[in-house]
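Undergrad: This is what each chain is made of:
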Amino acid sequence: MSDGAASDTSATMGTTKEIYDGANHMHAETTSTAIPTTTANPAHRTAGDRCRALALLAGLALLGGCANANLAQSGTARFGSNVPFERITRNGWLEYKANIIGVREGTVSDNIRRVAIDVYSDQANTQRFSYRFEWFDAGGMPVSAPASTFTSVVMQPKQTVTLTSVAPSPAATDWRVTFLDEKH
Amino acid sequence: MNHSARSCSASTRAVALASTLASALAFLPMGCQKAQYVDPKGNELVVNVDRMNIQDWSMLSDQVIQSMVTSGTLARLPNQPAGLLLNPVVNTTTQQFDTDAIMKKIRIALMNTGRVEVIMADDLFGGAEDRIAREAQRRKDRAAGVDTDASNRNVPDITITAKLLEDRARAGNTRQVAYILQMSLTNTTSGRAMWEGEAQIVKQGERASVGF
Chain A
1 MSDGAASDTS
11 ATMGTTKEIY
21 DGANHMHAET
31 TSTAIPTTTA
41 NPAHRTAGDR
51 CRALALLAGL
61 ALLGGCANAN
71 LAQSGTARFG
81 SNVPFERITR
91 NGWLEYKANI
101 IGVREGTVSD
111 NIRRVAIDVY
121 SDQANTQRFS
131 YRFEWFDAGG
141 MPVSAPASTF
151 TSVVMQPKQT
161 VTLTSVAPSP
171 AATDWRVTFL
181 DEKH
Chain B
185 MNHSARSCSA
195 STRAVALAST
205 LASALAFLPM
215 GCQKAQYVDP
225 KGNELVVNVD
235 RMNIQDWSML
245 SDQVIQSMVT
255 SGTLARLPNQ
265 PAGLLLNPVV
275 NTTTQQFDTD
285 AIMKKIRIAL
295 MNTGRVEVIM
305 ADDLFGGAED
315 RIAREAQRRK
325 DRAAGVDTDA
335 SNRNVPDITI
345 TAKLLEDRAR
355 AGNTRQVAYI
365 LQMSLTNTTS
375 GRAMWEGEAQ
385 IVKQGERASV
395 GF
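Read top to bottom, the protein sequences are chains A and B. For the first sequence, the tail end lands on 184 under my numbering, and the numbers increase by one without skipping. For the second sequence, the tail end lands on 396 under my numbering, and the numbers increase by one without skipping.
No wet-lab data here; the hints were simulated from the structure. No experiment lies behind these values; they were computed from the predicted model shown. Backbone N, C-alpha and C fix where the C-beta goes; we use that ideal spot for every residue, glycine too. Be aware that a few hints might be false.
Restraint ranges, calculated between C-beta atoms of paired labels, are given here [what the hints assert, rightly or not]: (1) B:Pro224 / A:Gln156: 52 to 62 angstroms; (2) B:Pro224 / A:Ala138: 25 to 35 angstroms; (3) B:Glu380 / A:Gly106: 14 to 24 angstroms; (4) A:Gln159 / B:Asp307: 48 to 58 angstroms; (5) A:Asn111 / B:Pro272: 28 to 38 angstroms; (6) A:Gly102 / B:Thr278: 40 to 50 angstroms; (7) A:Gly106 / B:Ser335: 38 to 48 angstroms.
I would like the entire structure built from these sequences, with the hints used as guidance.
TA: Structure follows, in structure tokens:
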């Protein structure tokens, strides 16, 4: 979904919230001491941007930023798109090795939602992160999934992987995926 | 007398101090022991290379559930919600554990789809899982003049067979173990498999650790 969507975001200790409306339109909202450094799409980052961001992130990581989780979740109908979603970045370093570049949704078995998320690693070394999907009903209440757990992913340099999840019941309409950093 | 009293008092204090210190030392290790609850679905769980962990059960279950649901098989089940009976899991791993740890998650997930109901009162295919329900059903049938054994109510529309395997390898100090869950869903009318799936997890390491 983010292909072609380039705009200022922030690699900070704070939270960056990006809202994708499914038509490559992105709105960014930063809610803390953000320092603009990069663009959303890795392909649009310049070498200078990347160096500055890495230096900044390395310093911020020492302050505990790596413990933060990044989130992505299905958006609300007000964005009027087939696959609206929000991306909430609290860990800029994690963003580099688990960058969401596409989200697709579908229906299986007639009435069960399914989501597939393409995640790209911008790194030159093998990286690890873990993720977990959660599902919610139309009222925003969590829908229990007995087999839900954090799953570890090994990302080869510049690799894109697709993470998938199936709703635990027909009542589950919205999803949220949480990314956590892992030391490699 | 005075000296003796002082001496006695000093020795009493010494004994009291010693007992207090001894008590404190005795409880010190307990006080230092750290026990805490962790999220059973989180990433701070203990990981063992040489055995299955709770998160392994979840990951194996999740893989086969996703495979089954996305295959579209559930939409083609006969007599929906289809009556399901599960065969005992064949566990050929070196680890003895209750395989319901995996199968129960799969049952829950299938029932949550609304397409499947697990038959609990069957008495013909290995014994009822819920004996009270079986007896209650028999009494109700008897009162209604129905022969429970002759009816098809407890005959499954679909069955599941599952096998759990493991593979171990070692290179130097690095140990690797793979757990594989194979599963088949059979339509009892046709006697043919409607779906088959396989889930794998592979773990490497030298010793137990916490987290991934």
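Undergrad: Compare the structure with each hint and give your call.
TA: The hints, checked one at a time:
no.: 1; hint: B:Pro224 / A:Gln156: 52 to 62 angstroms; verdict: violated, 30 angstroms
no.: 2; hint: B:Pro224 / A:Ala138: 25 to 35 angstroms; verdict: holds, 27 angstroms
no.: 3; hint: B:Glu380 / A:Gly106: 14 to 24 angstroms; verdict: holds, 22 angstroms
no.: 4; hint: A:Gln159 / B:Asp307: 48 to 58 angstroms; verdict: holds, 53 angstroms
no.: 5; hint: A:Asn111 / B:Pro272: 28 to 38 angstroms; verdict: holds, 32 angstroms
no.: 6; hint: A:Gly102 / B:Thr278: 40 to 50 angstroms; verdict: holds, 41 angstroms
no.: 7; hint: A:Gly106 / B:Ser335: 38 to 48 angstroms; verdict: holds, 40 angstroms
Violated hint: 1 only; the structure is consistent with all others.
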